[in-house]
Amino acid sequence: MKPLTETEGMTTTADETAANPVVGIDQTKGDFQYKVDYAFDAGTGLTEDTVRYISSVKKEEPWLLDFRLKALKTFREKPMPTHWATKDLENIDFDKIRYYLSQGQKPKRTWDEVPDDIKKTFERLGIPEQERKFLAGVEAQFDSEAAYSNIKDIVAKQGVIFVNSTEGLREHPEIFRKFFSKVIPTGDNKFSALNSAVFSGGSFIYVPKGVKVAQPLQAYFRINAENFGQFERTLIIADEGAEIVYMEGCTAPKFSTSTLHSAVVELVALKGAKIQYITVQNWANNVFNLVTKRGVAHEDAEIKWIDCNIGSRLTMKYPGVVLKGERARGEVLSIALANDGQHQDTGAKMVHAANNTTSNIIAKSISVGQGRSTYRGVVHIPKHLKGCKNNTECDALLINTNSRTDTYPAISVKGDKNATQHEASVSKVSADMIFYMQSRGLTEAQAMSLAVNGFINDLARQFPMEYSVELKRLIDLEMEGSVG
Amino acid sequence: MPAVSTTSLVGSFTQEAFNTHLARVSHLPAWWLDRKRAAYGRFVALPMPKRTDEGWRFSNLSTLTLDGFEVGRAVPGTASSSALPAAASLTYLNNRATARTGDVPAGVIFDTLQNALLKHGDLVKAHLLAQPSKLGSDKFAALHEAFLEDGAFIYVPKGFEVTEPLAVYHQAEGPGSAVFPHTLVVAEDNAKVTVADFFASTVGGVLRPDGSSGHFACGGNDLYAGHGASVSYIALQDWSRDTLSFQFNATVARRDAKVLSLNVHLGARQARHESFSQLQAPGAHSEMLALTVAQGAQEFDQRTLQIHQAPNTSSNLLYKNALLDQAKTIFSGLIVVDPDAQKTDAYQSNRNLMLSDEAEANSLPGLEIQANDVRCTHGATSARIDAEQEFYLESRGIKPAHAQELLVFGFFEEVLGKIENEALHDALAAIIRNKFKK
Amino acid sequence: MSQLVIHDLHISIGDKTIVKGFTLTIKQGEVHAIMGPNGTGKSTLAKAIAGHPDYTITSGEVLLDGGSVLAMEPDERARAGLFLAFQYPSEIPGVSIANFLRAAVQARMTEGEELDATGYYKRLYAKMDMLKIDRKFTSRSVNEGFSGGEKKRCEILQMAMLEPKIALMDETDSGLDIDALRIVADGVNAQRKSAAAPGIMLITHYQRLLDYIVPDFVHVMHDGRIVKSGDKSLALELEAKGYDWVKQEFAAANA
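Residue numbers (the numbering used here), protein chains in the order written: chain A, 765 to 1248; chain B, 5 to 442; chain C, 93 to 347.
Think of the hints as simulated: they come from the structure by calculation, not from any bench.
Accuracy of the hints is not assured; some may be wrong.
Said to hold, decoys possible - In the DSBU-like style, the derived pairs of lysine-lysine whose C-alpha atoms are separated by at most 30 Å in a straight line are:
#, chain 1, residue 1, chain 2, residue 2
1, B, Lys422, C, Lys108
2, B, Lys162, A, Lys1147
3, C, Lys228, B, Lys196
Unchecked claim - Covered, in the sense of this in silico footprint (three residues per stretch, anywhere, with C-beta under 8 Å from a C-beta of chain B), are these stretches of chain C:
#, stretch
4, 126 to 135
5, 162 to 168
Virtual Cβ for every residue (Gly too), placed ideally from N, Cα, C.
Model the full assembly from the supplied sequences, consistent with the hints where possible.
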């Protein structure tokens, strides 16, 4: 567990892009790597010592080390969920992963202070520019820790807290401990247990009563090291009547070996609060992306997950909302694009726990080449509730003859005072539509891109403008080479 | 802890019970007896369903038991039933053929399975329990095969059309009686037939839908439709309310064949139904329908699989449940479109009508699609009676109770309306109406 | 002679008041056209009088032959003699028109009284012929898969069979082509000539319908109440000047 000593400059894996134009193209933006010296390295493999190392580096209190060690035990005891999930999970070799890499635990408050090699990465990804343009605050995580974290003064003055999880624990223990691991208990699933054992980084956000943050807060998650596992932990609390939009982006260079990303994200929307959580996941297609995301919406609160999955080898992610207070609203809008060699196993969970709560799920997936997209959903309306409603729509678009899609919803309703409605459809792009556009001079690929963008248009419009433009660009890139 | 772990793997269906059964059917062909022995071996070896089995999600496993039963004994009573309009009928009581009525055209076979095994062994062998169990009940399907004593065999040769329905009454009597009914329908190329299975409990050989004791019913049916054939199959399950019931269906539809199966579920305390349709050649169509009236503490657990194995096939599934009291239903359906089955048109719909605040409806409508030029949709809804529809009826002066009744029967009629034979339709509608009004 | 008296009626949906002091008396045999721009409360008025549970009558009175209907359930109002011809009739899968109408006719008979099936079908077929509805429709589910015109004809068929004292016809002309409009109008006019001619509140957005069903009175509704009344020439004036004219005049009068 000693720091690495690598002195090389930059390497890129752009050659692989040329070798595989379909999968590679979308990663051009994220597919590069600057070699970095890590001051802290937990080594390869997962033992109690790994957990102790992470905890000591972070100078954590004993209760947290205890929490982590218990989680490690839970992780080991839980079987892989392959009785319902893909067998591909068995290809993750937990002994070959590096669980903690960082240059330090305290993020910088200005870009000038960020070490050059890391700063170059984020500049190339356009983060500082976006921050200036339209964000209320940014946290940029590089492997295990945030390298940069800052919030605009005007927002900070309203009492909004936006720090990484280590700082959150240290500086705001009274809020952090109250909500931490309450929405997603350690044993929720095997990967939430893993995250609980080795988590590092992620955002801690608290928005005080009645404060409505006008601009989004953004987090950017970057995996730079090979054979690495990123385990950020995000906790967002919107106090009564508060409103917040949080956006996260993710990239990694494309390595020949697999990388693991396993985050836990917990949201708490207190009475009348609104949280919108937007993800554009564009991991390289060697990343196992196994994420647990859930929010609790109290009385009259609203939680909306906008979840867009384009990259990764396997994504398993089912953002959920527990509708705990009367009239709470939950929403999941999901877009998934699975290209060759990719499996997007995504969906949503809606647990109704109070009267007159409503939930809405709209999931659209696109399977390209031999890509596979899967929707899994849970809608649960237990006994003695009334006035609860769920609406679920899943639409799958299959681009090539051997593209694949699956739909596995589970809807459980008790009593005669609630209503649920689930509809799903599978279709391909109509040949007539493509012909019509070609007859107006578009190439087949352009026509296909337009058709695909049309398919997700009503969802893409819900993204902030900057993101929906980016999304359209990513989809255009993915669609290139998919026809013919 | 669920009681499953304490229930023995064989319960009442011991080696001794199996030997006794085997002795009763020792006159049947050796290949069949071999299959039964192998099936019994599988039954013994297979575990009971576990909570983590995806095929048993939401099912109540603590009440699944193999204990306290006895293979149905001979009881007096030979009365044939006339509950359904039919050209001919066969009646079984506790696994034994007891009566037959009517006639079938020459060339068509409508006989007991035992006779068929002796006289038409090759035909039976090709189709009887020839499809795999894919929906979770391997153990109970093996039990069915092991203890299957007799059933009905319907064979319609090439080009024959049997216009009037054929009815098979499977009856059980006596506390704890275990019955293993089976109906095998083989329609050769361009043949046409309608078959109705009626499962019910009797007392003294007389139909007693209520008041009878509970049974263990573990039945199956195989439907085979050759090229251009048309098979309509109706199963009306009305076992006594203490019965534990399993029904396994396997449907094979060949080129341009049309199969319609309608399962009406009324009886039993816990009823599991598995229906497996294979669309094997272009033009094949399967219409899978079910209607359930769930009352009291009944649990109806319905699992379906529609596999499209060839291009240009279609299937249409409509499962409707009306839930009263503390009843519980589970619908788990899967449409599979194989990689080359382009131009598949598949539909799957589960509608739950919630008529009580304590009822529970679970829907798991699934799709696995591996071809892109397809039309596949599914939908699931759970809701009470539509308020706008109710207002519309009431605004015409119809009293609320009557308006609700009209809407509930309208809900059923969407399924029943697919039965072409009017007399059969009316008979089923009357039985369901009766059940619902109680 | 029956009559419906609507007095100073206020209707709200949730927190929003839609109808704000509507007053009108309709006598049997009269046709009152209610015109007005969209969103002015015309449909709300009709549905609320029929007893739709989504609408709350916050104040005012609706009297049918002197008795209040407001405490009555929708089916009781219907049996008392009110009829609502829906703008968007519900589709009712699995319930045939024959069964549905028989249930409605039976609901009006006293306990123990038997429906004369032969007489019932004779009457039904006669009305269907008049409305040019194919007799096969009797076995079809109510409104299910019907075209717009078929739905509206089916509404008039029900009105003819149930012989209400007062009919509230909500945008009966919407979605109809000229041929369908003529058939529907003929059906209504035939009932106007019968001995048991109902009083009709004819809600419409366009003057066109009034060429076929000539009203005795025309009322212009704006912002939840009647702002102008006249004879059928008012409809023509409206057609010529448009609803903005009413809005301006009304605004000026209130200024």
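Now the hints, each set against the structure:
no., hint, in the structure
1, B/Lys422 <-> C/Lys108, "46 Å, violated"
2, B/Lys162 <-> A/Lys1147, "54 Å, violated"
3, C/Lys228 <-> B/Lys196, "28 Å, holds"
4, 126 to 135, "violated (count 0)"
5, 162 to 168, "holds (count 3)"
Taken one by one, the earlier hints fail for this structure at numbers 1, 2, 4, listed in ascending order.
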